[in-house]
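Colleague: With the sequences and hints as input, model every part of the structure.
Protein chains: 2
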Amino acid sequence: MPKKPRNALYAQSGGPTAVINATAAGLILAARRQRGRIGRVFAAHDGIIGALTEDLYDTSRESARTIDRLRYLPGAAFGTCRYKLKGLEESRAHYERLIEVFRAHDIGYFFYNGGNDSQDTSWKVSQLAEKMGYPLICVGVPKTVDNDLPLTDCCPGFGSAAKFIGTSIRECAQDVASMARTSTRVFIMEVMGRNAGWLAAASGLAAEQDDDAPHLILFPEIPFRREEFLARVRKVADERGSCVVVVSEGLRSPEGKIMAESGARDAFGHPQLGGIAPQLASLVQEELKLKVHWAVPDYMQRSARHVASKVDADQAFKLGEAAVKFALAGRNAVMPIIVRKSDAPYRWTIGAAELAEVANQERELPRNYISKDGWHITQAARRYLLPLIQGEDFPPFRGGLPFTQSLKNVRVPKRLTTGFQP
Amino acid sequence: MPKKPRNALYAQSGGPTAVINATAAGLILAARRQRGRIGRVFAAHDGIIGALTEDLYDTSRESARTIDRLRYLPGAAFGTCRYKLKGLEESRAHYERLIEVFRAHDIGYFFYNGGNDSQDTSWKVSQLAEKMGYPLICVGVPKTVDNDLPLTDCCPGFGSAAKFIGTSIRECAQDVASMARTSTRVFIMEVMGRNAGWLAAASGLAAEQDDDAPHLILFPEIPFRREEFLARVRKVADERGSCVVVVSEGLRSPEGKIMAESGARDAFGHPQLGGIAPQLASLVQEELKLKVHWAVPDYMQRSARHVASKVDADQAFKLGEAAVKFALAGRNAVMPIIVRKSDAPYRWTIGAAELAEVANQERELPRNYISKDGWHITQAARRYLLPLIQGEDFPPFRGGLPFTQSLKNVRVPKRLTTGFQP
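So the sequence lines, in the order shown, correspond to chains V and Z. Here the first sequence stands for residues 1 to 422, numbered as in this note's numbering. Here the second sequence stands for residues 1001 to 1422, numbered as in this note's numbering.
Treat each hint with caution, since some may be false.
[Unchecked claim] Calculated lysine to aspartate or glutamate pairs in the EDC-like style (CA-CA distance at most 20 Å, straight line):
| no. | chain 1 | residue 1 | chain 2 | residue 2 |
| --- | --- | --- | --- | --- |
| 1 | V | 289 | Z | 1261 |
| 2 | Z | 1408 | V | 210 |
| 3 | Z | 1408 | V | 211 |
These aren't lab readings, by the way, just hints derived from the structure by calculation.
Modeller: Below is the structure:
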């Protein structure tokens, strides 16, 4: 009698992206095509917390159509969490508990879909399993809107957020320019990216010619230069009628402090929550006496599945498929990555990175992607970024709004008598 | 010899919408089909200011393809302005100047594409022309994201902004719900609508069932009830994990003051510019100790052509066509409007309203569109709103971003020796 195939556990981690569920779809569908070799795919409810508390969904109870359409769903379909496991010694009880849950459900494959911290966790889980003699294949699957995982050409989620930002900047710029004569002269949009200016840089794609918006980009990598900023806004507004500014939420003061956390107080006397865009807007209005509007899309940018990049959604899906392929090939402690073959036309393939090399490394925005004067992006940045926003992958709409669906999310019966307080 | 056909002047007014250029396209193309009866269509540069200063573009110099594709362009293609003409006596010089410019360019048809103020202007222009014995047909064409023009079923621009807001709320809600366990519990989005909660109400369409987001809607029509707001946010967050709030920029305090103008000061000591969402976010965080995120899409919502409503774009286009038809039928001082025949299926036709009846009337959000408790919309609101966001009319994308185009905008040679300081 052939050995019963072992089950798989899939967990989502960290902030959702527009395409993290495309990865889930690719992975689950690929596993279903290997029924003789992989048993059921369980999904952890709320990421690693679900794994620790033995709170698992049985994805085999969902129809193929439901899984297929996960591709179009923003958010994290099975729930996700921010929950960092520390070192193997420090968080030993957690790691051992994971192995205990895996053993109880005959998990032979663990797929962890997340960013840097998550890949660090996958790597540690694989180390401990080996030490404990528990046979386990750990495969990390990349995801992050921040695009800061090393080794891979890009991270699923980034391209779609970049496309939404580029789209919105282009649209808002046309709006502002067309009524600047009697109304708003300066428009400031704040984008995500606390530590690296990847999304700020992506906004630069909206500008095809020198005069196009955005006219100024404020990166977290370049400390804020107040006087030069004001002078440049004044100059652009004078020469072109209106000025469009993109600012990263992570903009630093010359002293290195994140300016959005500058201790402003609102009308209730409460500390002001985030928002460097309104601060800059007030500065421009007070100092230059120009009418200013500002926008903070916040989660809109990472959940904008309605205008997802086709390249991004495809890569997300294929990385999910590749994770299953790697697992069945017995490749442990690896992460499928995107390998770029050429910029234009963009050609890419799937490669592999060792989790040990991925874990806790951050990929910074290269300095040569920012123009010498620090206010825009370079041609090198364009060559890198442009392929990632190509193609549209519109979701189905129903009744005028993007389709949503609820999963059945049938719970896997618990097998452990002990609980766990994560 | 037949009489030379008289020219037309088209002007855009007030804040742009995602589909105001669709109206321009419908109007210009319809006029081109009537070449023997209408001469050239001129477009005023920056709205009525262009008309006053004799700063006109000759749209006949643009290709049919260019005009056709205006349909997909956000902003106001010929420029627009906020510039209100006062009463006929008070602003007599302005009105007389308009007639002078019209006479110089043999303008027989004046199309003014805007909201309440603009329709008031069109009406006054038609009155003065009559008094002065200048033969002129004035046709107003509706436009406003605020949906506050009377008599018409809806206003072009509103449906597309409503669709963008509903889409974004649905996407953000999925994002927030999926990681609420360890991260953001409350998400607050601020939408436009200073005096009437039309767009706030439209966000309610995202909720198909009782538990769906948005969970609370704060209308300008309902003064802010601080304690009840906090209690409701607490309850929803406790029961459902996360709570999504939509707030109108026009939310009033119990004393009737617009709360966004509450005199907050930022870190530089400058008066804080707008933004009720961050104020509410601070309030929730301080009082309920829940993690909060907030978004202010600002102009993104009125320029989001990439996810325009097909119904809205079609209506905008047809109203432009109808304006020409009315003009050629000699109907002066009227505005084509949308007349609703049925809700589901939505059937509509074009009707006409007298400018005298439109001018300076504001259509309020009916109280029976807001639920009794004041925190959501009713079935009556749904019946009205749902048809307006139906269908997708995606623009062409090029290189990953929505297409843009520059018009040639060839200037009409000036014929007057006198200038005008508007």
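Colleague: Determine for every hint whether it applies to the structure shown.
Modeller: Verification of the hints:
Between residue 289 of chain V and residue 1261 of chain Z the alpha-carbon distance is near 18 Å, which keeps this suggested pair within the 20 Å criterion. Note on residue 1408 of chain Z and residue 210 of chain V: the hinted pairing holds, with a Cα-Cα distance of about 19 Å set against a maximum of 20 Å. Under the criterion of a C-alpha separation no larger than 20 Å, the hint pairing residue 1408 of chain Z with residue 211 of chain V is consistent with the structure, at around 16 Å.
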